[in-house]
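Colleague: Based on these hints, arrange chains B and C on the given structure of chain A.
This is what each chain is made of:
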Amino acid sequence: MIEIDSITKVYGDETAVDAVSMTVQTGTITVIVGTSGSGKTTLLRMINRLEEPTSGEVRIKGQSTLAVKPHILRRRIGYAIQGHGLFPHHTVARNIGAVPELLNWSRDKTEARVDELLDLFSMEPAQFRDRYPGELSGGQQQRVGVARALASRPDLLLMDEPFGALDPIIRTRAQEDLRRIQRQLGSTIMLVTHDMEEAIRLGDRVAVMDAGKLVQHGTPAEIITQPATDFVADMVGDVERPLRLLSLIPLSDLVEDGTADGAPLSPADSLRDALSACLWTGRSAVPVVEDGAPLGRVTLDAIRARARAHT
Amino acid sequence: MFCLLGLAALLAPFMTLAANRIVAGEGITVWQLADTASVLPGVLAVMAGLALGVPAGVTRLRLGGSILGLAGLLWLLQQGTPALLEGAGDYARVSPALGFWCLLVVLLLLMADALAAMAPGPLTRGALLAGIMGALLVVLSSDGLAELSVLKEYAARRDAFGRELVRHLGLAFGSLGAAAVIGFPLGMLCHRRAELRSAVLPVLSFLQTIPSLAMFGLMIPVLGWVGNTVPGARSIGIAGIGFAPAFMALVLYSLLPVVGNTVAGLGATPPAALEAARGMGMTPRQRLLRVELPLGLPIILTGLRIVLVQNIGLAVIAGLIGGGGFGTFVFQGLNQTATDLILLGALPTVVLAITAAIVMDILVELTRRTPEVSR
Amino acid sequence: MILRPLLIALLLALVLRPEWFTPVFAPLAPEGGPVIYQRASLLSLSLSHLGLVAAASLAATVVAVTLAILVTRPAGAAFRPLSRTITNMGQTFPPVAVLALAVPALGFGAGPTLVALFLYGLLPIFENATTALSTLPPATMEAARGIGLSRWQRLVRVELPLALPVTLTGIRLSVVIALGTATIGSTVAARTLGEVIIAGLLTNNTAYVLQGGLIVGLFAVLIYDALVQIERRLAARIGA
Numbered sequence: 001m002i003e004i005d006s007i008t009k010v011y012g013d014e015t016a017v018d019a020v021s022m023t024v025q026t027g028t029i030t031v032i033v034g035t036s037g038s039g040k041t042t043l044l045r046m047i048n049r050l051e052e053p054t055s056g057e058v059r060i061k062g063q064s065t066l067a068v069k070p071h072i073l074r075r076r077i078g079y080a081i082q083g084h085g086l087f088p089h090h091t092v093a094r095n096i097g098a099v100p101e102l103l104n105w106s107r108d109k110t111e112a113r114v115d116e117l118l119d120l121f122s123m124e125p126a127q128f129r130d131r132y133p134g135e136l137s138g139g140q141q142q143r144v145g146v147a148r149a150l151a152s153r154p155d156l157l158l159m160d161e162p163f164g165a166l167d168p169i170i171r172t173r174a175q176e177d178l179r180r181i182q183r184q185l186g187s188t189i190m191l192v193t194h195d196m197e198e199a200i201r202l203g204d205r206v207a208v209m210d211a212g213k214l215v216q217h218g219t220p221a222e223i224i225t226q227p228a229t230d231f232v233a234d235m236v237g238d239v240e241r242p243l244r245l246l247s248l249i250p251l252s253d254l255v256e257d258g259t260a261d262g263a264p265l266s267p268a269d270s271l272r273d274a275l276s277a278c279l280w281t282g283r284s285a286v287p288v289v290e291d292g293a294p295l296g297r298v299t300l301d302a303i304r305a306r307a308r309a310h311t
Numbered sequence: 001m002f003c004l005l006g007l008a009a010l011l012a013p014f015m016t017l018a019a020n021r022i023v024a025g026e027g028i029t030v031w032q033l034a035d036t037a038s039v040l041p042g043v044l045a046v047m048a049g050l051a052l053g054v055p056a057g058v059t060r061l062r063l064g065g066s067i068l069g070l071a072g073l074l075w076l077l078q079q080g081t082p083a084l085l086e087g088a089g090d091y092a093r094v095s096p097a098l099g100f101w102c103l104l105v106v107l108l109l110l111m112a113d114a115l116a117a118m119a120p121g122p123l124t125r126g127a128l129l130a131g132i133m134g135a136l137l138v139v140l141s142s143d144g145l146a147e148l149s150v151l152k153e154y155a156a157r158r159d160a161f162g163r164e165l166v167r168h169l170g171l172a173f174g175s176l177g178a179a180a181v182i183g184f185p186l187g188m189l190c191h192r193r194a195e196l197r198s199a200v201l202p203v204l205s206f207l208q209t210i211p212s213l214a215m216f217g218l219m220i221p222v223l224g225w226v227g228n229t230v231p232g233a234r235s236i237g238i239a240g241i242g243f244a245p246a247f248m249a250l251v252l253y254s255l256l257p258v259v260g261n262t263v264a265g266l267g268a269t270p271p272a273a274l275e276a277a278r279g280m281g282m283t284p285r286q287r288l289l290r291v292e293l294p295l296g297l298p299i300i301l302t303g304l305r306i307v308l309v310q311n312i313g314l315a316v317i318a319g320l321i322g323g324g325g326f327g328t329f330v331f332q333g334l335n336q337t338a339t340d341l342i343l344l345g346a347l348p349t350v351v352l353a354i355t356a357a358i359v360m361d362i363l364v365e366l367t368r369r370t371p372e373v374s375r
Numbered sequence: 001m002i003l004r005p006l007l008i009a010l011l012l013a014l015v016l017r018p019e020w021f022t023p024v025f026a027p028l029a030p031e032g033g034p035v036i037y038q039r040a041s042l043l044s045l046s047l048s049h050l051g052l053v054a055a056a057s058l059a060a061t062v063v064a065v066t067l068a069i070l071v072t073r074p075a076g077a078a079f080r081p082l083s084r085t086i087t088n089m090g091q092t093f094p095p096v097a098v099l100a101l102a103v104p105a106l107g108f109g110a111g112p113t114l115v116a117l118f119l120y121g122l123l124p125i126f127e128n129a130t131t132a133l134s135t136l137p138p139a140t141m142e143a144a145r146g147i148g149l150s151r152w153q154r155l156v157r158v159e160l161p162l163a164l165p166v167t168l169t170g171i172r173l174s175v176v177i178a179l180g181t182a183t184i185g186s187t188v189a190a191r192t193l194g195e196v197i198i199a200g201l202l203t204n205n206t207a208y209v210l211q212g213g214l215i216v217g218l219f220a221v222l223i224y225d226a227l228v229q230i231e232r233r234l235a236a237r238i239g240a
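Residue numbers (the working numbering), protein chains in the order written: chain A, 1 to 311; chain B, 1 to 375; chain C, 1 to 240.
A portion of the hints provided could be inaccurate.
Claimed, not checked - Label-pair restraints from in silico Cβ distances:
hint, chain 1, residue 1, chain 2, residue 2, range
1, C, Ile230, B, Val58, 45 to 55 Å
2, C, Pro137, B, Pro120, 31 to 41 Å
3, B, Ala268, A, Thr172, 31 to 41 Å
4, A, Glu52, C, Pro27, 51 to 61 Å
5, C, Pro161, B, Ala127, 45 to 55 Å
6, B, Val138, C, Ile230, 51 to 61 Å
7, B, Ala268, C, Ile230, 22 to 32 Å
Unchecked claim - In silico SDA-like links for lysine to any residue, alpha-carbon gap of 20 Å or less:
hint, chain 1, residue 1, chain 2, residue 2
8, A, Lys69, B, Leu288
9, A, Lys69, B, Thr283
10, B, Lys152, B, Ser142
11, A, Lys109, A, Ala126
12, A, Lys69, A, Ser55
13, B, Lys152, B, Leu347
The hints are simulated quantities; they were obtained by calculation from the structure and are not laboratory data. C-beta: ideal position from N, C-alpha, C; glycine also.
Pulled out of the complex, with its shape left as it was, chain A reads as follows (with noise of 0.2 Å):
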């Protein structure tokens, strides 16, 4: 658990973090959303004291990061940015034992632990291991940065607009591969970034800065249905804003008996996909389906009944 304890950072006579105060459960997806001059990255590198904290404290399983020594500190939490910060110099494998030998932890160890990673990002040990960031793709670079940031198992990972540089369609299997792999690793992370689309998708938790100050923190759910401020409103988008809450309700949860024509879709599907099969294939229902077994149908008067349900 990490408690962020009315964190503040003033710069001369500007306030840039306003006594933001949250806590982050283990094993979950932090993602904090704001416009440019939100102080949203400043909070972020206040919790690794890459910027020190002008009032306020972070706490890591109950011990304050004020205590250690910044460096010491930071090997202990993973850091992940924006163009990735490879090392030019240094060949793939060696970029993502870069703590660990920070950490002094044996070559074998370290070795089986890079491999372990690249596997985890799909990227062929073997092949891979040795070139130099310069020889890989765009996408490629962001997920051994990632990898890198993974590396020691930290306890926490931090990361700042990390799929910024990518392209857009890149970017979507960049935020799959990330949910995956924090799925199957547990990792508590923290995530800053502009997009709310992006916080929406991977965040089991949205903070909202505005101007240094925490607006809402929430599921994505509530900050959709219940923006706390026209801030946040405008952030999520009106016209969007049914959309996007389809998009996070399963089909599983509409789902009624009877049976429809057509292509079927996955109980984990969401109804946002649904609209658009019903909509694309002129269908007023599309049947549901679980490895094989029918399961019954969605309608689009449920689905429409569900969306005025929160506008």
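Modeller: For chains B and C alone, kept in the frame of chain A given last:
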């Protein structure tokens, strides 16, 4: 183009024969060197070599041509020297003339061009350089050329040559070392502090613009004063004339490339990589040693290359203020209008400078073996 | 910069009224020896020095820029690698060695100095002009073709003006080297300010050395500075 230039050079006087080492000699064309039978193979080799240099596409052929041509030149020198000296008097001197030098330059350029097109790796280049230097040594120490005027000058000054060589290298490398010892820490400080950087770099580039003779001259009163006023300074060789002012001047010239390139090298790390290094918990020292220095090394070494080549050249001027080095021969030669003595000083300097440049280029390339980051 | 007018004033005084400085240099001159160089007027030496440098640099600029234009045309592209080899090799040649080697070929006097200054001056100008002409923004070049400029018009109206600042940097390097090398030219009997320094070295007269050194140094620094100013203006105007 090479071929035409080379053929034209064949018509120019190939060697000169002079009654003694001071007077100007008379030019002698290739076919007057000796009897036709002994000259012909050389001329043919040179012409064939030049002809092989014509086809642009086939680099190996051009390389072979340049080597064949150089061999032809060597043959002509070896045939011509004894033939010309025969019965010309005890003090007679034979030297290569315009035609020889032009052909030499043309053929060497042909070789350099062919080698550049083949783009050999750094290690191959090192081996090539060693091979060429070895061949040069063998050729120069061969009996056939010993009667050439330059080598006669060398034979007469064998000891002095060795001494000035050591002196010259001492000036060039010593000032490089001193500049590195001062320049690296200064460069690192300038890298960390922008205000220091904007104060130091203009001063250093100001120093760089001062003409070398003026700089050497200005060091004389400064070091003379130090030698006279600071106790003990004179006993460690600090005086207004000789080695010390030359050394000082060279160090001052070297500071800009060393400091400037250290700053540029350390600044070459991508900001994101530096941020990541900080974020993963590297101490400032670890960041410097593991990230900034390795990434900046090629640029820093490039600075040292500039300094070394520049100082080998500038050290010649030390000869004017009694600082020793090959400049001693050059300026003695200029005073006595003894061409061969000038060559004895100037040619080794040129060879040294080019060798240093090639060796440093190889080093820079070896440190730059990581592929460029695609961004 | 308050320093600039001061330095100019100092330089003018040193050249035109050297006798003003007698008290300053007197302690450095040998006992009873002359303090101020009087074998030739410092003004005429300065003019001869600057004249040599100007003539050599002008000729080098014309030739180097012409060559650079030629090798950056499609027809001259074949000579690019060769010209690069020559430039790289040539710049490792020490300027002093070029000067010394010119003597056997051309004899003593202003001739070899002029040739050495010219030859050595070619390289930086050629290198910079070639780089500048071959790295022009492609969009601008495309636009120049698009509005219907002929090859000649493109060269004169677009390429050369855009390449000017970088070329000027080459000219500046070349002029600074020429100023220094010309000083050494007086060892081969060219009339330059080096004469004063060398006379000082030969007679152990530090006053001469300092006088000559100061004047040459000031010329070099001020000319360098002036060329930097011109480059800045030009660069600012084309927004580089």
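Colleague: Evaluate each hint against the coordinates.
Modeller: Results for each hint:
no.: 1; hint: C:Ile230 <-> B:Val58: 45 to 55 Å; in the structure: holds (47 Å)
no.: 2; hint: C:Pro137 <-> B:Pro120: 31 to 41 Å; in the structure: holds (34 Å)
no.: 3; hint: B:Ala268 <-> A:Thr172: 31 to 41 Å; in the structure: holds (34 Å)
no.: 4; hint: A:Glu52 <-> C:Pro27: 51 to 61 Å; in the structure: holds (59 Å)
no.: 5; hint: C:Pro161 <-> B:Ala127: 45 to 55 Å; in the structure: holds (47 Å)
no.: 6; hint: B:Val138 <-> C:Ile230: 51 to 61 Å; in the structure: holds (52 Å)
no.: 7; hint: B:Ala268 <-> C:Ile230: 22 to 32 Å; in the structure: holds (30 Å)
no.: 8; hint: A:Lys69 <-> B:Leu288; in the structure: holds (19 Å)
no.: 9; hint: A:Lys69 <-> B:Thr283; in the structure: holds (10 Å)
no.: 10; hint: B:Lys152 <-> B:Ser142; in the structure: holds (13 Å)
no.: 11; hint: A:Lys109 <-> A:Ala126; in the structure: holds (17 Å)
no.: 12; hint: A:Lys69 <-> A:Ser55; in the structure: holds (17 Å)
no.: 13; hint: B:Lys152 <-> B:Leu347; in the structure: holds (15 Å)
Consistency with the previously given hints is maintained throughout, with no hint failing.
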